[in-house]
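In case you want the letters, here they are:
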Amino acid sequence: AQKVTQAQTEISVVEKEDVTLDCVYETRDTTYYLFWYKQPPSGELVFLIRRNSFDEQNEISGRYSWNFQKSTSSFNFTITASQVVDSAVYFCALSDVKSGGGADGLTFGKGTHLIIQP
Amino acid sequence: ETGVTQTPRHLVMGMTNKKSLKCEQHLGHNAMYWYKQSAKKPLELMFVYSLEERVENNSVPSRFSPECPNSSHLFLHLHTLQPEDSALYLCASSPRGSSYNSPLHFGNGTRLTVT
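For the record, the sequence lines run as chains A and B. Counting with the numbering used here, you get residues -5 to 112 for the letters of the first sequence. Counting with the numbering used here, you get residues 1298 to 1412 for the letters of the second sequence.
Honestly, the hints are just simulated from the structure, not real lab data. We put the beta carbon where it would ideally sit given N, CA and C, even for glycine. One or more hints might be untrue.
Listed next, the stretches of chain B that the computed footprint assigns to chain A, with coverage defined by at least 3 CB atoms under 8 Å from CB atoms of chain A [unchecked claim]:
{"hint": "1", "region": "1329 to 1341"}
{"hint": "2", "region": "1400 to 1412"}
In silico negatives: residues of chain A with every beta carbon more than 12 Å from chain B [said to hold, decoys possible]:
{"hint": "3", "residue": "SER6"}
{"hint": "4", "residue": "GLU9"}
{"hint": "5", "residue": "ARG22"}
{"hint": "6", "residue": "ASN70"}
{"hint": "7", "residue": "VAL79"}
With these hints in hand, go ahead and build the complete structure from the sequences.
This is the structure:
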């Protein structure tokens, strides 16, 4: 069975600090995809990144970076020089091919509520 | 403007009411989903439709009834709900057959309160 754990329920930092959101996943499959979504107060989930299980290269996009470590089954997300607009709930999610392959949706973690204080 | 539109944004209903949530996607996707987001719980997948056929029903109570008349529209019909059904209901879409590696596109959700 798939499982995604985001142990940090809420994180509060002061603007311009760096912050890392943790994500640990469980799956029995060797082929899977990991995602991060952002949910601002408006409600919709906004896609941030997708990573497949065969690509462990870390990725950087502006102030965002992701560290994928298969050895520890983790896919952590770091925001550098955080800004107030980064305040949101962030979800890590997992999809593996065996669980349905087709349109079977994603398994989400419970989310981390990130608060950036000015 | 999001490619997935949900109406209404907010809904308050009594336990004896019947109401429907609507979702429309303008992305040309063939798969659509209903998720339930309750406080302090992971998003729960409720229903999946692929090419208007239901392919997933995650043990959702029968008081929730989905309908997918075409690949662009998805409804969630509600009747005799319970207070614990109060939640944010999110609709999403993706290209058919590739949702395992394609990001889902979500709507803004409908905030449902059952009194």
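Inset, instruction - State the violated hints by number, sorted upward, taking the hints as numbered earlier in the document. - result: none
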